[in-house]
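Peer 1: Residue strings, one per chain:
Protein chains: 2
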Amino acid sequence: VSIALRIAYDGTAFHGFVRQAGVRTVQAELAQALSRIYKQVVEVRGASRTDAGVHARGQLVAFDPPLEIPTEGLLHALRGELPEDLGASAAWEESGPDGGPLNPRFGNDGKHYAYRIRIAPDRNPLTDRYEWHTRQALDLDAVREAAAHLVGEHDFSSFRAADCQSKTTVRVMTGIRAGEAEPRDQAPTEAGRLVGQCRVVVIDVEGQAFLKNMVRVMVGTLVEVGLGKRSASTIPGLIAAADRTKAGDTAPARGLTLVEVKWPRRSG
Amino acid sequence: VSIALRIAYDGTAFHGFVRQAGVRTVQAELAQALSRIYKQVVEVRGASRTDAGVHARGQLVAFDPPLEIPTEGLLHALRGELPEDLGASAAWEESGPDGGPLNPRFGNDGKHYAYRIRIAPDRNPLTDRYEWHTRQALDLDAVREAAAHLVGEHDFSSFRAADCQSKTTVRVMTGIRAGEAEPRDQAPTEAGRLVGQCRVVVIDVEGQAFLKNMVRVMVGTLVEVGLGKRSASTIPGLIAAADRTKAGDTAPARGLTLVEVKWPRRSG
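Same order as they appear, the protein sequences are chains A and B.
Just so you know, the first sequence maps onto residues 1 to 268 in my numbering.
Just so you know, the second sequence maps onto residues 1 to 268 in my numbering.
It should be emphasised that the hints constitute simulated quantities derived from the structure, not laboratory data.
Certain hints may be false.
No copy labels: a pair is met if it fits in one copy or bridges any two.
[As the list claims (entries may be wrong)] Simulated pairs of lysine to any residue, SDA-like, Cα-Cα distance not exceeding 25 angstroms:
| id | residue 1 | residue 2 |
| --- | --- | --- |
| 1 | Lys262 | Thr71 |
| 2 | Lys262 | Cys198 |
| 3 | Lys167 | Glu224 |
| 4 | Lys167 | Val151 |
| 5 | Lys262 | Pro188 |
| 6 | Lys39 | Gln208 |
| 7 | Lys39 | Ala241 |
| 8 | Lys262 | Asp185 |
| 9 | Lys167 | Asp185 |
| 10 | Lys229 | Asp249 |
| 11 | Lys39 | Arg24 |
| 12 | Lys212 | Glu182 |
| 13 | Lys262 | Arg199 |
| 14 | Lys229 | Gly100 |
Chain A extracted, bound-state conformation (with noise of 0.2 angstroms):
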């Protein structure tokens, strides 16, 4: 049997999720750490594959234990090997499907994301790790708009990487909202003078599967939708042309977070 792990990590201090040689990345931290715990070489299987410098509060990982060790005797142990900026809040026994080993790439009931915007005059240094500051103002309304046209069954070639890999770029979009936050660690307003305002706007995205930077690609072109630089009602168009360079930027990884991997309740 599997074991499943939830985590959690900042994502600034590592070059995505996925092992490359020669870069801290949170799958080799997380393996490395479990090899110093089992005395033995262990590895795991993500469901998301994050970008350098984007966060999670809810990926889901697996790995095959070499030995048995109770899942709360792993989690204290865990406590004790992972650096800082990666945490485990969860293990669990689990079989893959056919009885075999747990991929929780496959089977979850899709990943929620959320990408955070400030918008303010000036740099936040309690907040800039966690969010993606722009000076100028958005026009919320036309976000939803443009949100509106993205969600359901698409072609999403004109949101993902130049060098993404996957063979199939029809992903299914089950919601995306816009919203307003509350501003986090605001600077005082001072004694009569005039501080800028700021306004927080988070986009949330949920989906079964996405391609390579889809989410960032989005909220780059929503972001141009809400500065007035393309209307909403270009998305269709954007959508059928199935042409990455006639989307947006894509946004900077610093403001996206992987809020959860959903995973259904199938044992214990």
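Given chain A's structure and the hints, the job is docking chain B onto it.
Peer 2: The following block gives chain B in isolation, referenced to the frame of chain A:
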């Protein structure tokens, strides 16, 4: 005329506010940025000598510009010169009370600090930079009862660092409040699996001036009360003892933020 700056910083990578040889400090980084802008050596004076690792949203500093740059242009230039974990949100011209150089240590209307404590079974890599993580529940009513004893004018000798240099030890706390805040960036609840509850307690402390480590020693002591290790009724005796060894441990720097140095409107 001096220039006052409202600054914010993530204290994690700073060895505190005050310049020290061989380490990275807020005072030195800011002075270096200003010196590059003015092409002459500029020194800055701060209102609060925050410890290593302590954050600030509304620290106040002042300096004497060697040549005239309008404050809007100065803020713009600072945006380009300051590192990512240090930012300036407001700038204005102001003289000291005698028409001489402005020193924000004097003439401010007090300081507001906030201390965040996260009570949860596991660390959270997305909030650990800004919160003290503990696994044990706190009795918030007991914390409030103890805090009430600290409000007002007292000799705070029991609540300062062993190496605190201040000659006077009487200070006035104008308010200490303990409350709950919405937890940030929590891991998702597992489908059908109990994941431990998370609670965030924020202790807000306001006073005219503070001794070295004073907020952190007060918080460490209040947490011991919340954990049942000492009773709230022992606080008056602890104050009267005027003995640092009788108070609780110094709470970790990471949970503390200088929210605001209050500044009266004098001009502009």
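Peer 1: All hints, please: hold or fail.
Peer 2: Each hint tested on the structure:
1. Lys262 / Thr71: Within one copy only: 20 angstroms inside, 50 angstroms across.
2. Lys262 / Cys198: For Lys262 and Cys198, only the inter-copy Cα distance (20 angstroms) is at most 25 angstroms; the intra-copy one is 32 angstroms.
3. Lys167 / Glu224: neither (28 angstroms within a copy, 58 angstroms between copies)
4. Lys167 / Val151: within (21 angstroms within a copy, 66 angstroms between copies)
5. Lys262 / Pro188: between (38 angstroms within a copy, 9 angstroms between copies)
6. Lys39 / Gln208: Answer is neither; intra-copy 36 angstroms and inter-copy 55 angstroms both fail.
7. Lys39 / Ala241: neither (52 angstroms within a copy, 52 angstroms between copies)
8. Lys262 / Asp185: between (30 angstroms within a copy, 16 angstroms between copies)
9. Lys167 / Asp185: neither (43 angstroms within a copy, 34 angstroms between copies)
10. Lys229 / Asp249: Classified as within: same-chain Cα gap 12 angstroms, cross-chain 55 angstroms, threshold 25 angstroms.
11. Lys39 / Arg24: Classified as within: same-chain Cα gap 21 angstroms, cross-chain 39 angstroms, threshold 25 angstroms.
12. Lys212 / Glu182: Answer is neither; intra-copy 30 angstroms and inter-copy 33 angstroms both fail.
13. Lys262 / Arg199: The answer is between: 23 angstroms across copies meets 25 angstroms, while 29 angstroms in one copy does not.
14. Lys229 / Gly100: neither (50 angstroms within a copy, 50 angstroms between copies)
Of the numbered hints listed earlier, those contradicted by the structure are 3, 6, 7, 9, 12 and 14.
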